[in-house]
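Trainee: Sequence:
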Amino acid sequence: LTLAEHIDHKRNSSAVSDSIHLVRKVVAFITSKQSLRTGGSIAQAAAYHGGTSETFNGNSLMDEHGKTREPLPDITRCLEEMGYPMIFARLHHHKDLLDMAAGAQRAHVVNALTNQSHPLQALADHLAFKERRPGLENPRIVFSGDGNNVARSLGEATVMLGGHFVHTGPKERKIPDERWRIIEDQA
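Numbering (our numbering), first residue to last: 1 to 187.
Worth flagging that the hints you see were computed from the coordinates, not collected in a lab. Ideal placement from N, C-alpha and C gives every residue a C-beta, glycine not left out. Treat the hints loosely; a few may be bogus.
[Unchecked claim] Under the rule of at most 35 Å between Cα atoms (straight-line distance), these lysine-lysine pairs were calculated in the DSBU-like manner:
hint : residue 1 : residue 2
1    : Lys130    : Lys95
2    : Lys67     : Lys25
3    : Lys95     : Lys171
[As the list claims (entries may be wrong)] Taking CB as the label site, the calculated pair distances span:
hint : residue 1 : residue 2 : range
4    : Arg173    : Gly83     : 40 to 50 Å
5    : Arg181    : Leu136    : 23 to 33 Å
6    : Arg140    : Arg181    : 28 to 38 Å
7    : Leu136    : Gly83     : 35 to 45 Å
8    : Glu184    : Thr52     : 19 to 29 Å
9    : Arg132    : Thr68     : 38 to 48 Å
10   : Leu136    : Glu64     : 32 to 42 Å
11   : Gly66     : Leu136    : 39 to 49 Å
12   : Val142    : Arg24     : 37 to 47 Å
13   : Glu131    : Met62     : 23 to 33 Å
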């Protein structure tokens, strides 16, 4: 979060990154769930670091029968060979993200969203908390609603950053017990 705060401050002051890591490089954004904010944020982050981004929608991964054209680890290796240093993946199924990551030898595969987690949203939320409440230590974050991917990631990020997480919502939509154990283990 400290690095994110630094980058956000410099971005808001119209500065350019001191260390341009992506100069003349393109990051890949593979998405099976369209998102203006995620795609825009990835493009902005790449530009800040001297690069650009290219978006591949889910259709570029599928054949005419709705099956993946080739195994996801092979797609990752193909993108690596084309020179993509980072692959942001916004996918329906978490297993697909894990399969893509398993194929990575040089590229960084970043979870932009799956059915199980949404870590970029959780980090953005915590950055917003720090901006709005500077100096607040060990916050208690309460999430009211479904125990979905956003709630689970927010819980994990909160305890990893030293805070306390509370989830409230319909019993039939609570965070599954196995995910609560992960959150508790990270505290």
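Trainee: To test your reading of the hints: which numbers does this structure violate?
Mentor: 6, 8, 10 and 13
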